[in-house]
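> Chains A and B supply the protein sequences, listed in that same order. 1 is the number of the first residue of the first sequence in this note's numbering; add one for each residue after it. 1 is the number of the first residue of the second sequence in this note's numbering; add one for each residue after it.
Mixed in with the good hints there might be a few duds.
What the hints assert, rightly or not - Distance condition first, Cα-Cα at most 35 Å in a straight line; then the derived DSBU-like pairs of lysine-lysine: (1) Lys-26(A) to Lys-100(B); (2) Lys-65(B) to Lys-26(A); (3) Lys-265(B) to Lys-110(B); (4) Lys-115(A) to Lys-110(B); (5) Lys-65(B) to Lys-331(B); (6) Lys-26(A) to Lys-114(A); (7) Lys-100(B) to Lys-151(B); (8) Lys-100(B) to Lys-114(A); (9) Lys-100(B) to Lys-30(A); (10) Lys-331(B) to Lys-347(B); (11) Lys-10(B) to Lys-331(B); (12) Lys-30(A) to Lys-151(B); (13) Lys-30(A) to Lys-115(A); (14) Lys-331(B) to Lys-6(B); (15) Lys-151(B) to Lys-26(A); (16) Lys-115(A) to Lys-26(A); (17) Lys-110(B) to Lys-65(B); (18) Lys-30(A) to Lys-114(A); (19) Lys-347(B) to Lys-6(B); (20) Lys-110(B) to Lys-100(B); (21) Lys-261(B) to Lys-151(B); (22) Lys-65(B) to Lys-6(B); (23) Lys-347(B) to Lys-30(A); (24) Lys-10(B) to Lys-65(B).
If you are wondering where the hints come from, they were derived from the structure by calculation, not from laboratory data.
Residue strings, one per chain:
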Amino acid sequence: MMDTAENQIAEDRRTRMALLSQASPKVFAKQWQQLGIDPEFEILRGPETGLVSLKGRIGGGGAPFPFGDATATRVSVRLVDNRVGHAMMLGRDTNRVTIAAVIDALCQNADDRKKIDSELLAPLEASILERDATRSAQTAATRVDFFTMVRGED
Amino acid sequence: MYVAVKGGEKAIENAHRLLADRRRGDQSIPELTLDQISGQLALAVDRVMSEGSLYDRELAALAIKQARGDLIEAIFLVRAYRTTLPRFGYSEPVDTSEMKLERRISATYKDLPGGQMLGPTFDYTHRLLDPGLAMGTVPQEPEQSHETTVKAMRVSDILAQEGLIESDGEASSREPADITRTPMEFPLERETRLQALSRGDEGFLLALGYSTQRGYARNHPFVGEVRIGEVEVSFHAPELGGSVIIGRVQVTECQMVNQFKGSAKAPPQFTRGYGLVFGQSERKAMSMALCDRALRAGELGEDRVAPAQDEEFVISHSDNVQATGFVEHLKLPHYVDFQAELGLVRKMRADHTASSQPNTDLEAAE
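Produce the complete structure using the sequences and hints provided.
Right under this line is the structure:
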């Protein structure tokens, strides 16, 4: 059983990866550059590109079945102060995944985590929400309003 | 029979050089970029990802460029590339009920929760060629609507409330056979059939789906729902603390609703065919759902009378990389086979002439 602190670390890690992997690569690169952190690190594992076999479910909620693969890249890094970070994302952009692993490593320290949360993850989350909201509003504008043709004979 | 032949190296080298030149075309015209293909030929990219069975827009765009727009050749390239990559494992099943909808329509309910959203569709266009596009135009900014609505629930869930439709079925504990890992063995589980159909050739599945509508395994289909949009992909990675979202993919899902007169075991109710494919590939998802339903004939106690109900026929011929490989191999040198057949036919003709000769003589004599 993991204790609460460990659970929190794992939870933070998952939240971070979810944000970094869903952010637009361009916005991610720009925000990372603006952050002005560029620590030295060594690669522990990878970066390795491989396949993740994607599963769906029959009817949307039934038995799982694989319906195709996606490329994914993973990497593990170690900073000079021995903080270790991991990352995995869809696609083959090793540079982006490596930066994500460095961010993961940095976040093992509370001060760095605070800075990254507020100056990188918060704006990234905002940009994801904004992009989704725009698309959703564009789709909503194509919603059909039915009206019944009133036929005469009254 | 295949006999190794040497020779033609120079010809092959020059042919490939010529191919590269013809692929580039007139060099005074700007070269296509992968971003252009991915962004402006997006549905071609979707088809290559779906039938190449690899979600990677950039690779699919590269394949289309390399294949000069021959999509089956592009699919072949993507499949070949796939085999060079290590396999990390399976994702968690994607949750299509949480899809970020770009389109959602139903042909069975007009006023369903969440509404009908047409999205970027060709439907209701007049199919008139647009000379404006030939000139290059800047499209209008898309309209936006910020009206809040309820979540778009699945149409199958609406029918399920009345018990009028079969459920999604139970998820079994066993792992279904994966056609990318183990050779297919008939009869197949429905899961395995769906995996094969999802990467199957759009044209082949379309024709089979069409055949069911025309009476070859008629099953009265309605589009319960088609939805297109992005779904989150989660992967279990222990180093990242468990199941973690590693990105999103765009998929098209089709729930086909079909009449079913009932059997000894089940009362009359609606049954379903299911389609799930990469990208915006509505025709493919619908065709897949029609074929899925037709292939359930055995399970639902229906007579198997039509090609679309014949699992071995459908699944064995749905893969266009296998199909094109076997058909196109016919153009490779078969000189030795043909020499053998030529000898055989000459001998048969000689025998034929010899055996018919006495009769002719006899007739002449008479």
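> Take the hints in turn and mark each one as holding or not.
Hints and how they fare:
no. : hint                     : verdict
1   : Lys-26(A) to Lys-100(B)  : holds, 21 Å
2   : Lys-65(B) to Lys-26(A)   : holds, 24 Å
3   : Lys-265(B) to Lys-110(B) : holds, 32 Å
4   : Lys-115(A) to Lys-110(B) : violated, 50 Å
5   : Lys-65(B) to Lys-331(B)  : holds, 24 Å
6   : Lys-26(A) to Lys-114(A)  : holds, 23 Å
7   : Lys-100(B) to Lys-151(B) : holds, 11 Å
8   : Lys-100(B) to Lys-114(A) : holds, 30 Å
9   : Lys-100(B) to Lys-30(A)  : holds, 25 Å
10  : Lys-331(B) to Lys-347(B) : holds, 26 Å
11  : Lys-10(B) to Lys-331(B)  : holds, 19 Å
12  : Lys-30(A) to Lys-151(B)  : holds, 34 Å
13  : Lys-30(A) to Lys-115(A)  : holds, 16 Å
14  : Lys-331(B) to Lys-6(B)   : holds, 16 Å
15  : Lys-151(B) to Lys-26(A)  : holds, 30 Å
16  : Lys-115(A) to Lys-26(A)  : holds, 21 Å
17  : Lys-110(B) to Lys-65(B)  : violated, 42 Å
18  : Lys-30(A) to Lys-114(A)  : holds, 19 Å
19  : Lys-347(B) to Lys-6(B)   : holds, 30 Å
20  : Lys-110(B) to Lys-100(B) : holds, 21 Å
21  : Lys-261(B) to Lys-151(B) : holds, 32 Å
22  : Lys-65(B) to Lys-6(B)    : holds, 31 Å
23  : Lys-347(B) to Lys-30(A)  : violated, 77 Å
24  : Lys-10(B) to Lys-65(B)   : holds, 25 Å
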